[in-house]
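Chain C is fixed; fit chain R onto it per the hints.
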Amino acid sequence: MPSHTFTVNGETVTVEAPDDLPLLWALRDLLGIRGPKYGCGIDVCKACTSHLDGEAVRPCVVPVSEAAGRRVTTIEGLADGEKLHPVQEAWLEQDVAQCGYCQPGQIMAAVALLKRTSNPTDADIDEIANVCRCGTYFRIREAIKSAAAKAG
Amino acid sequence: MSRHSRRRFLTYLVAAPTLAVATKLGLDAYAPGSADAAIPTPPAPADLVDLGDLLILAGAPTAHMLVLRVDEEGLVHFRLPREEVGQGLTTAMAMLVAEELDTPLDHVRVRLDDARPELLFNQLTGSSNSVRSLYDPVRHTAAAARARLVRAAARQWGLDAQDLTVRRGVVSAPDGRTASYGSLSAAAASLDLGPLVVRPKKASEHTLVGTPTSRIDARDLVTGRQVYTLDLDVPGAKPCMVRRPPTINGTVKSVNNEAAVRAMPGVLDVVTIDTGVAVVAETFGQALDAKEALDVSWGPGTVDGLSDRDIRARLKAATPSLDLLGPLVKKVEGEFDFAFVGHAPLETNSAVADVRADRAEIWSGLKSPIVARAAIAEAVGLPASKVTVHVVQAGGSFGRRLFHDAALEAAVVSKKSGRPIRLMWSRIDDTRHGRMRPATHHRIRATYAAGQVLSFQHRVAAVETDFRHGLGDALTAAAASLPSGIGNATFAQTLFLTTVKSPYHFGITTQTLTEVPIRMHTGSWRSVYSANTRGAEEIIVDELAARLGKDPVTFRREFLRTARQRAVLDKVAEEGQWGRALPDGWAQGVGFHDEYKSCTACLVEIDATDPKKPRVTRAVIAADVGRVVNPRGLEAQLLGGLTDAISTTLRAGLHIDKGLPLEGSYSQFHYARQKDSPQDVRIHVIEGADEPGGAGELGVPAAVGAVANAYARATGTRPRSFPVTFDVDFTPFPR
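As they're listed, the protein sequences go chains C and R. Mapped onto our numbering, the consecutive letters of the first sequence carry residue numbers 1 to 152. Mapped onto our numbering, the consecutive letters of the second sequence carry residue numbers 1 to 735.
Quick caveat, the hints were computed from the structure, so don't treat them as lab data. Heads up, a few of these hints could be off.
Calculated pairs, DMTMM-like style, for lysine to aspartate or glutamate (alpha carbon to alpha carbon, straight line, at most 25 Å) [claimed, not checked]: (1) C/Lys150 - C/Asp80; (2) R/Lys613 - C/Glu142; (3) R/Lys612 - C/Asp124; (4) R/Lys316 - R/Asp304; (5) R/Lys613 - R/Asp729; (6) R/Lys613 - C/Asp126; (7) R/Lys675 - C/Glu89; (8) C/Lys83 - R/Asp220; (9) C/Lys150 - R/Asp680; (10) R/Lys201 - R/Asp690; (11) R/Lys613 - R/Asp220; (12) C/Lys145 - R/Asp308; (13) R/Lys202 - R/Glu691; (14) C/Lys150 - R/Glu335; (15) R/Lys612 - C/Glu127; (16) R/Lys201 - R/Asp106; (17) R/Lys612 - R/Glu543; (18) C/Lys145 - C/Asp122; (19) R/Lys675 - C/Glu55; (20) R/Lys613 - C/Asp124; (21) R/Lys658 - R/Asp429.
Not close to chain R: a few residues of chain C, all C-beta gaps over 12 Å, as computed [unchecked claim]: (22) Thr12; (23) Lys150; (24) Gly152.
The structure presented is a predicted model; accordingly, all values stated were derived computationally and were not measured. We put the CB at the ideal spot given by N, CA and C, even for glycine.
Pulled out of the complex, with its shape left as it was, chain C reads as follows (with noise of 0.2 Å):
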């Protein structure tokens, strides 16, 4: 069984797997991290938007062979231990969610929004196309803009 290491949240890991299993399932399944959900399985609905080098990326249809010797943070890697990043912390202010399951996807999304374009417009959040199936989409979108206008 082919074994690939690389890190994720800043731990260096090492997971024995097939080269096309999906990193979703070696995050979920063989490394027990679980803030990544799985909603689709095709990168249509978003929900386990995670980053790989920085970029948001869909790890349900990203190889784990790919992320060899790079930098995968999930939603649980995303604060600084106890101190939440300015996107959770607009998105606690909003009280952005409401079933969660699809919410770190989204956030990881908005922070690589906000890597992208520091003062998003509305049409630069309508690209965002992860799913909320709880309807959240206007908090989501003044979430972004607080955090936004926070960071200035």
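Below, chain R without anything else, positioned relative to chain C:
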């Protein structure tokens, strides 16, 4: 044991080392509302007693099982006999407890209760009923605990309890002595404190209840710490997925390559169950590959030849004709179709099961766990007393988790495979073999003369909604499963009649339901019959207004029954600047809805410059749900209802083709995304009467009406079939 009563409530002290109290609720009197104006419409059943009332009455004898415990650290533990699926119920309940105890909200811990059959009707999460049914008993329970804690302090200090005050979980005497709840808890549990008068606070005394409050689980939800079913660490539990048939309710005839699949990497077991062929593996990725690799010969399902066209024809044929009218009667008519809609919660159907020879333990998101427990016990051949069913906070429901199919499958696979398993449905299976809101057909006719509406008739035909989950207990579930669907049909009529009503004085008003028994996986979908039924009526209301030469808001004002309803409508008209100028291809639309002792109005603006790609750009909602526990949570529910309405009115539905939905994922089932959602949403909560009304489903029907009416006005069309854009714009996944 100390026992005391005030009004209809009895509170018991439960034997425990620290304070634990339980409260019993008696029957609540029903007070019918009054109506006046226009040509009065006689009360419909739902005006007199709605489904929520029935549930409250049915659950009354067991409501005393609510248990609240105060530990030595002063933390308050409350076991909630309901499911949290994102509706914010745990927060609302924690607020009630904190309020009555005068203790900080973060000292309250709410745990979802396991299935408890002794609760009978009192462990069903549905019908927008949880706050309504729990508001009084939870407050009484917490008030009783507070009274005992204060009495314990008074006893210690030799003072009169009436002279003591409580702030932030600390009891204070006039002389400055203080004692925390934690320090008093053991004494409060053991002392004979004599009869206590328990009186929950009046609404005017509330300092927390009624204030916008963030979710108690918000931090867990944004850090990935929230534990859903498949995030649980149950030792040894292995991933499991099921290969499902090519048509709904298809059966397994034979597995043709079992040995080859068993030899695939990570595969641990292959097990045939009633609903398909299950694969157990080391990872879900491997289970998914293996179940896809299975070569299975399938037997027929229950609706193999059936497609949308046939279903629509059957519904249309089943919709009763409207009464014959003379040629001079003026009327407005409409015939409507609504497609099937998947519940599609983001967390797919899932469960963890550990079934042993002598006992079983199940974890799943369940809104009707008592029924689940009985069904699982029967399926695995254990007495129900040996089956523990844990209710896990879930990633959405919208009615889906009234059913326990994943839990049942997981239990059967665990038993057959002889190991604990974690079972997950794929998204494609969840969409195709999951539950759906039934397709419906509607005939509506209103007659009018001299500026008045004389009659309003609505005939609904719907594919049978499966209510076999009953009211949450095994007895009613069994009644709903009587042969020939008789039980279920009676249930459906009761539910229709106790939920659907018209808010207007439209003269003689009749609303009837005819169910067409087609064996598909249907189920209650947020607001059950009301989204389509009342949504279609709101469209006819706009057309009636136009016929009578009246503005849609003015017309509704004139015919709504109560001042309370008109205040809600006025609020959106004012805040939404009803009638303001908009560019060509844009329009405003309004809708109104009243149910479960709550009412709401919704005003939207739509950009339909491209009629195939309309976008709701702005929404203003007002709601009066009576006493509001958490305005912030209520706003979240209304926002969700709005998004549901935008989705199902404009683009989201399921096509049935030869016995299976064509759609298989969110790339095909077009639930709204950020780009489809308004950039401006204002929600106004109007504080109403003392009693809380239902709120979880309220937001959908009014918004359906508003979106459809805005679309009609923007495009100059009369939409009759929903969703309005419903092309098969994708290549379906293989069956």
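Original post:
Which numbered conditions among the earlier hints are violated in the structure presented, ordered from lowest to highest?
Top reply: Hints 11, 12, 14 are the ones this structure does not satisfy, whereas the remaining hints hold.
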